[in-house]
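Work out the full structure: start from the sequences and follow the hints.
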Amino acid sequence: EAGVTQSPTHLIKTRGQQVTLRCSPISGHTSVYWYQQALGLGLQFLLWYDEGEERNRGNFPPRFSGRQFPNYSSELNVNALELEDSALYLCASSLAPLYNEQFFGPGTRLTVL
Amino acid sequence: AQSVSQHNHHVILSEAASLELGCNYSYGGTVNLFWYVQYPGQHLQLLLKYFSGDPLVKGIKGFEAEFIKSKFSFNLRKPSVQWSDTAEYFCAVNAFGNEKLTFGTGTRLTIIP
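Just so you know, the protein sequences line up as chains E and Y, in that order. Per our numbering, the very first residue in the first sequence carries number 1; after that it's consecutive. Per our numbering, the very first residue in the second sequence carries number 114; after that it's consecutive.
Hints in this document: simulated from the structure, not taken from any laboratory. Some clues are possibly wrong.
As the list claims (entries may be wrong) - What follows is a list of derived Cβ distance ranges for each label pair: (1) E:GLU53 with Y:HIS122: 45 to 53 angstroms; (2) E:LEU41 with Y:SER139: 36 to 44 angstroms; (3) E:ARG63 with Y:GLY141: 47 to 55 angstroms; (4) Y:PRO168 with E:GLU101: 12 to 20 angstroms; (5) Y:ALA114 with E:THR9: 50 to 58 angstroms; (6) Y:GLU179 with E:SER27: 30 to 38 angstroms; (7) Y:ALA129 with E:SER27: 19 to 27 angstroms; (8) E:THR20 with Y:TYR152: 41 to 49 angstroms; (9) Y:SER131 with E:GLU53: 28 to 36 angstroms; (10) Y:SER139 with E:THR111: 18 to 26 angstroms; (11) Y:GLU133 with E:GLY16: 43 to 51 angstroms; (12) Y:LEU169 with E:GLY16: 47 to 55 angstroms; (13) E:THR20 with Y:ALA129: 17 to 25 angstroms; (14) Y:GLU179 with E:GLN44: 21 to 29 angstroms.
We treat Cβ as the ideally placed atom computed from N, Cα and C, and that holds for glycine.
Structure (structure tokens):
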């Protein structure tokens with residue numbers, strides 16, 4: 001069974017640009033979560049999508065947004081990039097929300113110059 | 114709001130030593146508790162989880178953790194570590210019914226052969 005996949009693996013952008021990160025959950029999983037792992041800050045919850053709807057949001061500005069598609073894959077969009085957005089962005093998936101075990105993808109490393 | 118503290122930032126042990134990594138959380142209600150591990154160059158993997166029942170849970174690779182409700186703790190233990198246990202370990206918690214996982218800042222474990 002394939003795990004959670006994310007693309008691209010690495011990305012380099014400059015300040016002010018926009019970026020889109022992609023995530024495909026494990027087959028059968030309907031919930032997708034996004035986390036930011038910045039140096040020295042640990043993993044911080046960004047967004048949770050389930051059945052195409054945004055269910056919960058972490059303490060991040062509105063320029064962080066996303067969506068979930070009918071096939072349960074998801075995109076994370078970050079507008080007006082800032083230097084401090086440089087981080088590893090992790091996607092996780094789980095079965096329907098009652099099942100709390102989240103399976104993580106390898107992440108997308110974003111560098112903002 | 115829930116929070117998780119991992120007081121050991123970097124632990125260095127020799128092979129065959131016993132391991133205990135501390136994890137404390139703050140949240141007054143029912144929680145689910147997790148330990149994740151991130152081996153060098155690999156993505157986050159679940160080591161073990163506690164939802165309910167026996168407070169002593171056993172995970173993969175000989176790890177176990179004990180949930181002590183009165184101390185708001187979920188410490189990770191292994192009686193005899195191996196060089197291959199070198200990794201970063203993250204404790205995480207979510208409030209029952211809330212899918213957002215709150216992570217600790219992680220503990221880097223280095224095992225010396």
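Evaluation of the provided hints:
| no. | hint | in the structure |
| --- | --- | --- |
| 1 | E:GLU53 with Y:HIS122: 45 to 53 angstroms | violated (37 angstroms) |
| 2 | E:LEU41 with Y:SER139: 36 to 44 angstroms | violated (18 angstroms) |
| 3 | E:ARG63 with Y:GLY141: 47 to 55 angstroms | violated (33 angstroms) |
| 4 | Y:PRO168 with E:GLU101: 12 to 20 angstroms | holds (18 angstroms) |
| 5 | Y:ALA114 with E:THR9: 50 to 58 angstroms | violated (33 angstroms) |
| 6 | Y:GLU179 with E:SER27: 30 to 38 angstroms | holds (34 angstroms) |
| 7 | Y:ALA129 with E:SER27: 19 to 27 angstroms | violated (41 angstroms) |
| 8 | E:THR20 with Y:TYR152: 41 to 49 angstroms | violated (28 angstroms) |
| 9 | Y:SER131 with E:GLU53: 28 to 36 angstroms | violated (46 angstroms) |
| 10 | Y:SER139 with E:THR111: 18 to 26 angstroms | violated (33 angstroms) |
| 11 | Y:GLU133 with E:GLY16: 43 to 51 angstroms | holds (47 angstroms) |
| 12 | Y:LEU169 with E:GLY16: 47 to 55 angstroms | holds (52 angstroms) |
| 13 | E:THR20 with Y:ALA129: 17 to 25 angstroms | violated (48 angstroms) |
| 14 | Y:GLU179 with E:GLN44: 21 to 29 angstroms | holds (27 angstroms) |
Checked against the numbered hints given earlier, this structure breaks hints 1, 2, 3, 5, 7, 8, 9, 10, 13; the rest are met.
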